[in-house]
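Protein sequence lines, in the order shown, are assigned to chains C and E. So for the first sequence, the numbering used here puts the first residue at 1; every next one is plus one. So for the second sequence, the numbering used here puts the first residue at 508; every next one is plus one.
Any given hint could be a false lead.
[What the hints assert, rightly or not] One side of the interface only, derived from the structure: several residues of chain C facing chain E at Cβ under 10 Å:
no., residue
1, Ser5
2, Tyr7
3, Val16
4, Leu440
5, Trp478
6, Leu490
7, Leu491
[Unchecked claim] Below, a list of computed lysine-lysine pairs in the BS3-like style, where the Cα atoms sit at most 27 Å apart:
no., chain 1, residue 1, chain 2, residue 2
8, C, Lys297, C, Lys313
9, C, Lys463, E, Lys513
10, E, Lys629, C, Lys493
11, E, Lys604, E, Lys660
12, E, Lys732, E, Lys789
13, C, Lys176, E, Lys833
14, C, Lys493, E, Lys675
15, E, Lys660, C, Lys493
16, C, Lys176, C, Lys463
17, E, Lys636, E, Lys660
18, E, Lys737, E, Lys600
19, E, Lys600, E, Lys822
20, E, Lys789, E, Lys757
21, E, Lys822, C, Lys463
22, C, Lys176, E, Lys509
23, E, Lys604, E, Lys732
24, E, Lys772, E, Lys737
25, E, Lys833, E, Lys822
26, C, Lys176, E, Lys510
27, C, Lys88, C, Lys145
[Stated by the list, open to error] Partial list, derived from the structure: chain E residues whose beta carbon lies under 7 Å from chain C:
no., residue
28, Lys510
29, Leu521
30, Gln624
31, Leu625
32, Lys675
33, Phe678
34, Phe778
Keep in mind the hints are simulated off the structure, nothing from the lab. Glycine included, C-beta positions come from ideal geometry on N, C-alpha and C.
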Amino acid sequence: MSLVSVYFLIFLAVCVLVYYLLPGKVQWIWLLLSSLVFYVLCDFGLVIIPILDALIAWIFGNVFGTKKKKGLMVLAIFLLVAVLILLKYAGWFGTGWTDLLSLLGFGRLPGYLVPLGISYFTIMAIAYLVDVYRGVVPAETSYPKLLLFLSFFPIITQGPICRYKELSEQFATGHKFRYENLTFGIQRMLWGFFKKLVISERLAVLSMHITEGWGTSSYSGIWVIVSIFALSFRLYMDFSGCIDIVIGVGEILGIRLPENFNHSYLSRTIPEFWRRWHITLGTWLKDYVMYSITMSKPAKEFTKRAKKGIGRKAAATIVTCVGILFVWLVYALWHDISAVFLLSGAFFAVIIILSTVFDPLIRKFRKRFSKLVESIPYKIFMTLRTMLLSMMGAYFVFMPTVRDGAAYLFHIGKVPAGKITEMVVNSDGVSELQILGLDLPDFLVLVLAFILWIVVSRLHAKKDPRERIAGWNIVIRWAVLVVFVLVVVLLGKYGGLDTGSFVYQAF
Amino acid sequence: MKKFAKAVVFCLLLALLLALFNRILMPDTDFSADERGGVLDGADYMVVGTSNVFYNVNPLVIWNETGFTGYNVSSEQAPLIISYYELKNEFRKRVPKVVFLDCGAFEYNYGTPSFNQLSLDKMPFNFSKLELIAKLGEDDENNQIKERNEYSKLNYLIPLYKFHERWKEIFSGTLKSRYHSKYEHTFMGYVAEKSNYVYEKDYKWLPTLEEFGGTWLTEISDLNKEYLEKIRSLCEDNGAELVLIKTPSKGWILEMHDAVTEYAKEIGLPFFDMNTEEALDKIGIDENKDFADSSSHFNIYGAEKVSRYLAQYMKQYPTMNDRRGKKDPLETSWNQMYQEYLEYRET
Chain C
1 MSLVSVYFLI
11 FLAVCVLVYY
21 LLPGKVQWIW
31 LLLSSLVFYV
41 LCDFGLVIIP
51 ILDALIAWIF
61 GNVFGTKKKK
71 GLMVLAIFLL
81 VAVLILLKYA
91 GWFGTGWTDL
101 LSLLGFGRLP
111 GYLVPLGISY
121 FTIMAIAYLV
131 DVYRGVVPAE
141 TSYPKLLLFL
151 SFFPIITQGP
161 ICRYKELSEQ
171 FATGHKFRYE
181 NLTFGIQRML
191 WGFFKKLVIS
201 ERLAVLSMHI
211 TEGWGTSSYS
221 GIWVIVSIFA
231 LSFRLYMDFS
241 GCIDIVIGVG
251 EILGIRLPEN
261 FNHSYLSRTI
271 PEFWRRWHIT
281 LGTWLKDYVM
291 YSITMSKPAK
301 EFTKRAKKGI
311 GRKAAATIVT
321 CVGILFVWLV
331 YALWHDISAV
341 FLLSGAFFAV
351 IIILSTVFDP
361 LIRKFRKRFS
371 KLVESIPYKI
381 FMTLRTMLLS
391 MMGAYFVFMP
401 TVRDGAAYLF
411 HIGKVPAGKI
421 TEMVVNSDGV
431 SELQILGLDL
441 PDFLVLVLAF
451 ILWIVVSRLH
461 AKKDPRERIA
471 GWNIVIRWAV
481 LVVFVLVVVL
491 LGKYGGLDTG
501 SFVYQAF
Chain E
508 MKKFAKAVVF
518 CLLLALLLAL
528 FNRILMPDTD
538 FSADERGGVL
548 DGADYMVVGT
558 SNVFYNVNPL
568 VIWNETGFTG
578 YNVSSEQAPL
588 IISYYELKNE
598 FRKRVPKVVF
608 LDCGAFEYNY
618 GTPSFNQLSL
628 DKMPFNFSKL
638 ELIAKLGEDD
648 ENNQIKERNE
658 YSKLNYLIPL
668 YKFHERWKEI
678 FSGTLKSRYH
688 SKYEHTFMGY
698 VAEKSNYVYE
708 KDYKWLPTLE
718 EFGGTWLTEI
728 SDLNKEYLEK
738 IRSLCEDNGA
748 ELVLIKTPSK
758 GWILEMHDAV
768 TEYAKEIGLP
778 FFDMNTEEAL
788 DKIGIDENKD
798 FADSSSHFNI
808 YGAEKVSRYL
818 AQYMKQYPTM
828 NDRRGKKDPL
838 ETSWNQMYQE
848 YLEYRET
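Make a model of the complete structure from these sequences and hints.
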């Protein structure tokens, strides 16, 4: 059951109705039940995996509550990661293993062994255990409550990656129905549907000839640029659109979920980009990988010893850089064990290490040329530069091979055969746009929707558009909302075969 | 409370607008009989079935031959389950004296979802439509026309789900035109087709399944038996006579001819197959001139021959009456419609 399906909306309506009819104390039990039903509807049988992971986390968490043993911590993480690797990367263990999994009921379709959301609930379980170990949160004595945290249905498909502390308190308190929560939640979901169905699905068509390796011979070079742009923005619209739906569902239930995106493509540097893109993964990596390395005994010892030789600052930089390398290694492996992800991780790791190492120089530069740095053209340059770098990272990830990726780039120089306008409208025959799979009306919708997205994003930076809407008079408010629903229903690309899934669901 | 009232009004408004767009964007697939002027009041017969009916049976030719009034109730590749519900809807308006059921649909169970969509879209929205949607399944692997795609029943329930993208047709100017250009000239549920298709190789009539090469059913399935029984009781309860027929089709296989012949005898229904050598001789089909397409659908010339032959067979059912020369108020209308058909034929 996809989050962008009518079935999900029916499921949600029933879930919400019963949820608010129940007394606050037992609402969490209903959420747990709903989450398990949701999981079974999506991935029948594989529900055993989150149940198993929650059991591992519950047992070890309670052990850490009384005695903290490093060896046990390592064992717990090893078990959780082992489940992840054995299922997600089953293909690496040969056909014997995948056959056995098939026999056990995993993978009704070949190559589809991954239980829904396994990457997400595994690292959430790890975060919980580390937090208990570090004494940040007390161990959860109730197994069902921990299971709810790991299987909570809005976040299981694509995150955001939540911390136990922020959710457990909200599950425990119970929530009274608030009309504003319902309307704001629905509006947030609608915005997600708009991004996913109206924008992302059209961008998907434009970027298809890259991801599907359709070849370039018949297109002008400009389409290569357009499709690289489309590929990155598709990923953004698809992923952040899903998160909008998820956060909207949370709001309807009275549960606040963390934001995962903050206008990522407006970042001026790559480190900033990664603080604004997939935020919850970034903070997870920072708290549980980076922190574990920089605060580890060997790291402290190294800084202590190296202080005399190369200086404290340099020693700290070295430790940070090692941390960054590990962060990006985990980042790559979490997505997939593949050369492209490792390369993409390495690409960003190198950029971030460089900006860490040259940080003093950059600071000097910014101080010396403060006027330039503050000027608008410089800011635009920095934004575009960052956008381009991050797009390159995404581009290579989705190319079949690195060589294909490079070959495509060389195609940028190809001049259009006829007039430039004929690329979009060709009265005599098929335009290049149509060959790519979008007709002119679709293309116009895409452009207009993109402009609307920019306008709303700009407005959002100042004040939540939903609060603005709530302040309008009823006629205008209703008109805007009705039109927006119609836009999603009529202009959304759905009803086909693939619209139901999200790009990031695969990770 | 006030807020809730507002929310309800808002939802109703939205639902109304969505229903409106559903109506606007739904393609026009309806080629059913034009009943204006009461020309179908007290109709003598209905011919029910698949494209074999709407391409092959011309009620105006039958009128000219027999003076019986009647019409076709059929849809593209309609499985028997759909024919049953179509008939049920039709019976709410009127009950004919005789129902001629074409058995072409016995060769499969549920048929092709995209064709079924066409049948369902022209059905009125009522409980029996919901029942039909719930009961429609997908064909199994033994069937030739299974669509591998997972076809969501939402498309049947809310056509907007499938057709929402038709807003684009505002630009191409096809939004309001007929879904298929071939439904342009229709007469009492008969689709008149003038094109001519010449078979390259000489196909055999009544081939065995092996000779035909498809994966049709060779026996009447339980599902089709169930719906035949339902159609039979529907007719009985309403006082209509049920007759099984099969119009000529090169896709009609020998095994099914035998199966239906035997089963009809078993349950006591007449079965009139026009695919036998004797029948084909009498019809006198011209392989070079009478076909409209490669699916052995007839063009107007072939359909006239088949309809004339069927008309002769119909005469043995005494409940139907020849309305000609009896000052029947409908005679003029039907004669006029026949003239209109002849005019179309000559253009």
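Results for each hint:
1. Ser5: holds (9 Å)
2. Tyr7: holds (9 Å)
3. Val16: For valine 16 of chain C, the interface hint is violated, since the closest Cβ of chain E sits about 13 Å away, which is over 10 Å.
4. Leu440: holds (7 Å)
5. Trp478: Holds. Min distance 6 Å.
6. Leu490: holds (5 Å)
7. Leu491: holds (8 Å)
8. C:Lys297 to C:Lys313: holds (18 Å)
9. C:Lys463 to E:Lys513: holds (25 Å)
10. E:Lys629 to C:Lys493: Answer holds: lysine 629 of chain E to lysine 493 of chain C is near 24 Å, not above 27 Å.
11. E:Lys604 to E:Lys660: violated (35 Å)
12. E:Lys732 to E:Lys789: Roughly 31 Å between the alpha carbons, so the hint for lysine 732 of chain E and lysine 789 of chain E is violated.
13. C:Lys176 to E:Lys833: Between lysine 176 of chain C and lysine 833 of chain E the Cα gap is close to 77 Å, so the pair fails against 27 Å, i.e. violated.
14. C:Lys493 to E:Lys675: Between lysine 493 of chain C and lysine 675 of chain E the Cα gap is close to 12 Å, so the pair holds against 27 Å.
15. E:Lys660 to C:Lys493: Roughly 18 Å separates the two Cα atoms, so the pair holds.
16. C:Lys176 to C:Lys463: Holds, because 26 Å separates the two Cα atoms, which is no more than 27 Å.
17. E:Lys636 to E:Lys660: holds (12 Å)
18. E:Lys737 to E:Lys600: Measuring from Cα to Cα gives roughly 19 Å; hence the hint holds.
19. E:Lys600 to E:Lys822: holds (25 Å)
20. E:Lys789 to E:Lys757: holds (17 Å)
21. E:Lys822 to C:Lys463: violated (80 Å)
22. C:Lys176 to E:Lys509: holds (18 Å)
23. E:Lys604 to E:Lys732: holds (23 Å)
24. E:Lys772 to E:Lys737: holds (17 Å)
25. E:Lys833 to E:Lys822: holds (17 Å)
26. C:Lys176 to E:Lys510: holds (16 Å)
27. C:Lys88 to C:Lys145: holds (26 Å)
28. Lys510: At 5 Å from the nearest chain C Cβ, lysine 510 of chain E passes the 7 Å test, so the hint holds.
29. Leu521: Holds, about 6 Å.
30. Gln624: It is violated, given that the least Cβ distance between glutamine 624 of chain E and chain C is near 12 Å, above 7 Å.
31. Leu625: This hint is violated: leucine 625 of chain E lies away from chain C, its Cβ roughly 16 Å from the closest one there, beyond 7 Å.
32. Lys675: Holds - the Cβ of lysine 675 of chain E comes within 7 Å of chain C, reaching about 4 Å at its closest.
33. Phe678: holds (6 Å)
34. Phe778: With Cβ-Cβ at 41 Å, over 7 Å, it is violated.
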